[in-house]
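When you get a sec, could you build the whole thing from the sequences and use the hints?
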Amino acid sequence: MISRTPGAVRHAEPVGGGGDQAADRPRRITAPVTPGDLVFRGVLRAAGLSVFLIMGLIAFFLLLRGLQALHATGWSFFTQEKWLTQSHVFGIAAVLPDGVIIAMVALVIAVPVALTTAVYVSEYAPERIRSALVSLVDLMAAIPSIVYGLWGLFFLQPRIVGFVRWTTMHLGHWIPFLKVRSGDIGASYTSSPFIVGTVVSLMIIPIVTSLSREVFSQAPQGEREGAYALGSTRWGMVRSVVLPFGRGGVVGAVMLGFGRAMGETIAVALIISPKFTVTTHILENGANSISSLIALHFGESDPLSLSALMAAGLVLFGLTLVVNMLAAVVIGRSRSGAATAD
Numbered sequence: 234m235i236s237r238t239p240g241a242v243r244h245a246e247p248v249g250g251g252g253d254q255a256a257d258r259p260r261r262i263t264a265p266v267t268p269g270d271l272v273f274r275g276v277l278r279a280a281g282l283s284v285f286l287i288m289g290l291i292a293f294f295l296l297l298r299g300l301q302a303l304h305a306t307g308w309s310f311f312t313q314e315k316w317l318t319q320s321h322v323f324g325i326a327a328v329l330p331d332g333v334i335i336a337m338v339a340l341v342i343a344v345p346v347a348l349t350t351a352v353y354v355s356e357y358a359p360e361r362i363r364s365a366l367v368s369l370v371d372l373m374a375a376i377p378s379i380v381y382g383l384w385g386l387f388f389l390q391p392r393i394v395g396f397v398r399w400t401t402m403h404l405g406h407w408i409p410f411l412k413v414r415s416g417d418i419g420a421s422y423t424s425s426p427f428i429v430g431t432v433v434s435l436m437i438i439p440i441v442t443s444l445s446r447e448v449f450s451q452a453p454q455g456e457r458e459g460a461y462a463l464g465s466t467r468w469g470m471v472r473s474v475v476l477p478f479g480r481g482g483v484v485g486a487v488m489l490g491f492g493r494a495m496g497e498t499i500a501v502a503l504i505i506s507p508k509f510t511v512t513t514h515i516l517e518n519g520a521n522s523i524s525s526l527i528a529l530h531f532g533e534s535d536p537l538s539l540s541a542l543m544a545a546g547l548v549l550f551g552l553t554l555v556v557n558m559l560a561a562v563v564i565g566r567s568r569s570g571a572a573t574a575d
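Quick note: the sequence shown uses our numbering, first residue 234, plus one each step.
By construction, these hints were calculated from the structure, which means they are not laboratory data.
If you're wondering where the values come from, they're calculated on a predicted model, not measured in any experiment.
Among these hints, one or two may not hold up.
Simulated DEER-style distance windows between Cβ atoms [as the list claims (entries may be wrong)]: (1) 275 - 410: 50 to 60 Å; (2) 392 - 562: 34 to 44 Å; (3) 362 - 292: 40 to 50 Å; (4) 266 - 380: 44 to 54 Å; (5) 395 - 280: 46 to 56 Å; (6) 562 - 513: 27 to 37 Å; (7) 506 - 379: 17 to 27 Å; (8) 322 - 294: 19 to 29 Å; (9) 380 - 272: 23 to 33 Å; (10) 468 - 266: 41 to 51 Å.
Subject to a maximum C-alpha distance of 30 Å in a straight line, what follows is the list of computed DSS-like cross-link-like pairs (lysine-lysine) [what the hints assert, rightly or not]: (11) 412 - 508; (12) 412 - 315; (13) 508 - 315.
Every residue, glycine too, gets a C-beta built ideally from N, C-alpha and C.
Structural data, given as structure tokens:
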């Protein structure tokens, strides 16, 4: 048992009576606490509490500004698939699922690319090019969102339409969500959740790659060498040591990427064709998200409409918070190194 008292001198004393019986019991150890320790502890405590304070203030601000719209619309705000600024008809029943769908499309594309890149950089890349690859991935994270959006609108979209059309023609009959219902019209394949998700995936690849690479690089060297000593190949070592060790970190990286995709605004607003119906066909024109809804309607909003946008932002904030809480639970149960700790 350890206790700290200011100015105390480090010493150990047995708990209980003397003799051999006392020698077998735990000893109470006291150690001095310097003023520097107290300051450091206070700074850390204040930094940790400031996170909760800032998050609470953001939630309180959004709730305070969104109460007017929530009171005026009631539960229809969550069940209605309309957003009419002039008529003061507000509902996020369509934009919320569409935002989740766009984020999921981005994750499906980004996670395999990011994980394979992280494994290659961490375990396979030669030393002479490893630093260049790390710098290149970090540089991707520094590119502004509007640059990705313009690239997706003017470069990617015209070139990916052929692939989208081929996919829906050959697979749409077998996989329902790949079907385009409006017929073989060129505009039917543009501004779709798939195209937007592809662009957003490029924004989250650097995040997932960097965090996963850091976790993989911390796998214990002794266990790596033990796997090799047992005759394992490099991929066998990665599969049995590196990947289990980094499972928790990878989950955290993916959830962070999901939050980044959910909150993406400019790229989605530039490419997507706004539509207030739930999108179930990812290759079909039209969708929306809460973040792009706020960006597109902020300038034309009167006080009640602005309150509705704040309420929509509160819902997005709450959804992201729930995702992060679930990620924390998963990470706690499969923390990095848990599978290789024994």
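To see whether the hints hold, each was checked on the structure:
At about 54 Å, the beta-carbon gap between residue 275 and residue 410 stays in the expected band of 50 to 60 Å. Separation of residue 392 from residue 562 is about 41 Å and conforms to the stated range, judged on CB atoms against 34 to 44 Å. The supplied range of 40 to 50 Å is met by residue 362 and residue 292, whose beta-carbon atoms lie about 45 Å from each other. For residue 266 and residue 380, the Cβ-Cβ distance of about 51 Å falls inside the hinted range of 44 to 54 Å, so the restraint holds.
About 52 Å separates the C-beta atoms of residue 395 and residue 280, a value consistent with the hinted range of 46 to 56 Å. The given range of 27 to 37 Å is respected by residue 562 and residue 513, whose C-beta atoms sit roughly 29 Å from each other. With their beta carbons about 18 Å apart, residue 506 and residue 379 fall inside the hinted range of 17 to 27 Å. With their beta carbons about 25 Å apart, residue 322 and residue 294 fall inside the hinted range of 19 to 29 Å.
The hinted range of 23 to 33 Å is not satisfied by residue 380 and residue 272, whose Cβ atoms lie roughly 44 Å apart. As the Cβ distance of residue 468 to residue 266 is approximately 50 Å, the hint placing it in 41 to 51 Å holds. At most 30 Å may separate the alpha-carbon atoms for a hinted pair to count; residue 412 and residue 508 meet this at roughly 18 Å. For the hint pairing residue 412 with residue 315, the CA-to-CA distance comes to about 24 Å; that is within 30 Å, so the pair holds.
Our distance criterion of 30 Å between C-alpha atoms is met by residue 508 and residue 315, whose separation comes to about 9 Å.
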